[in-house]
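Start from the sequences and build out the full structure, keeping to the hints where you can.
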Amino acid sequence: MRHAHPPEVHPVPAPTTRKFLGRLPLPERRFLTDALRTETVGGMLLLIAAVVALVWANTPLQESYAAIRDFHFGPAALGLHLSVQHWAADGLLAVFFFVAGVELKREMVAGELRNPRAAALPVIAAVCGMAAPALVYTLVNAIGGGTLDGWAVPTATDIAFALAVLAVIGTSLPSALRAFLLTLAVVDDLLAILIIAVFFTSDLNFVALGGAVAGLAVFWVLVRKNVRGWYVYVPLALVIWGLMYNSGIHATIAGVAMGLMLRCTPREDEEHSPGERVAHLIRPVSAGLAVPLFALFSAGVTLSGGAMSDVFTQPVTLGVLLGLVAGKAFGIFGGTWLTTRFTRAELNPDLRWPDVFALATLAGIGFTVSLLIDELAFAGDATLTDEVKASILIGSLIAAVLASILLKMRVRHYQALCAEEDRDEDHDGVPDVYEQDDPAYHLRMAEIHERKAAEHRERARLAGASRDEGDRPA
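In the numbering used here, the protein residues as written are -14 to 459.
Just so you know, the hints here were simulated from the structure itself, not pulled from any lab data. Keep in mind it's a predicted model, so treat the numbers as computed, not measured.
Derived Cβ-Cβ restraints for the label pairs, each shown as a range: (1) T132 <-> G59: 28 to 38 Å; (2) G214 <-> V94: 22 to 32 Å; (3) G7 <-> G64: 48 to 58 Å; (4) V270 <-> L428: 38 to 48 Å.
Computed cross-link-like contacts, SDA-like style, restricted to lysine to any residue with a CA-CA straight-line distance of at most 20 Å: (5) K4 <-> L332; (6) K393 <-> A404; (7) K4 <-> R99; (8) K4 <-> V418; (9) K393 <-> A152; (10) K210 <-> V198; (11) K4 <-> Y399; (12) K210 <-> H257; (13) K4 <-> E331; (14) K210 <-> R262; (15) K437 <-> H412; (16) K4 <-> E405; (17) K437 <-> L447; (18) K4 <-> W322; (19) K210 <-> E255; (20) K4 <-> A330; (21) K4 <-> L17.
Cβ coordinates follow ideal geometry from the N, Cα and C atoms, glycine included.
Now the structure itself:
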């Protein structure tokens, strides 16, 4: 009697899991390091500019501050006779949003947002990190009888300010956490742009708008034809900006649109794409000049005792403060945690959920875009605009202090992770963690260790000979 063999059973492979906050690919890590280095320097200048503005506006020199801020210049015939503050908000910030557009395009085609599955987590986290502050503001004002006009003010994160705080407190975050913060900020900027375009557009001038669209079409054709030369693009960009401003749509939208049109994937004969090259050139202008000057002429508010107390008692200002401090932290953390719970993403075992919460708290620092939306939302009420500016400053300060405390609690762990990421024992310019599957790396390391072993054997021989000489009788 033949015995039937049991049917062959093939093990079902376990479902693959994706690491959340895992190690970045080397090219992405290098791009991130370069981008954040510039943003950190810009963030320090931003802090200095904000402090100068506050001191200037709260000393006997405050009249000179107001005179310079409100000084008007520019061609009136073109509808561009604007104040210094207006030029900073509509003109200089267009440079900032141009860089944001390039970064967004790069993230979508070559960065964290190119893979829909991988992009889902930071996008959901960013959306929740904007929806929660808006909800907090709305609830506070609905209960307290305030206005709902400022619901968008606490929704924005200022990446440069956040990085400046990290530099001040001396905390080096692992590259995965820094990349997550940057991706959050990029998506945050996109959503802020949409909010400005949809909710803060005045009566449209269709002639000017048509001209701006035609200019953007010319810009797109020139980019596709690989036409080069700043003398072509800078004048065209100024024309597009001026037409967009006069169209009734906020002029910074022109910067975003042009940034999104640049090609951000390098070809075979290119080391860097045109978008990356342009962003590398323009980012220092944005971070080092445009944003600090905007802060200088927007952050100068009078901080009297009454104004400070109003921040915690008036529904509008309290809604902004709580939106930044509580809404941002719990929105980003809650969105991240829920997404990982309902997907196959697993948190990097080198990190913990308190690290994510600390990062979410850091994202509560809202400055540049929050100040811009404040000026748009309360344009007809200078007093309320200044009160909301004070609440943005205080809320950002509270978020910065709380994040600093949380991050300092794990600073040694972060330092160890950063040291491991940067370790390059074979001195070939590539961190060792990226070469573990390269046989040539292990051969180089074997040679290094063999040389060290030979050196120590020689030292042991010399030490033994020296000891023998000392033991001999005189």
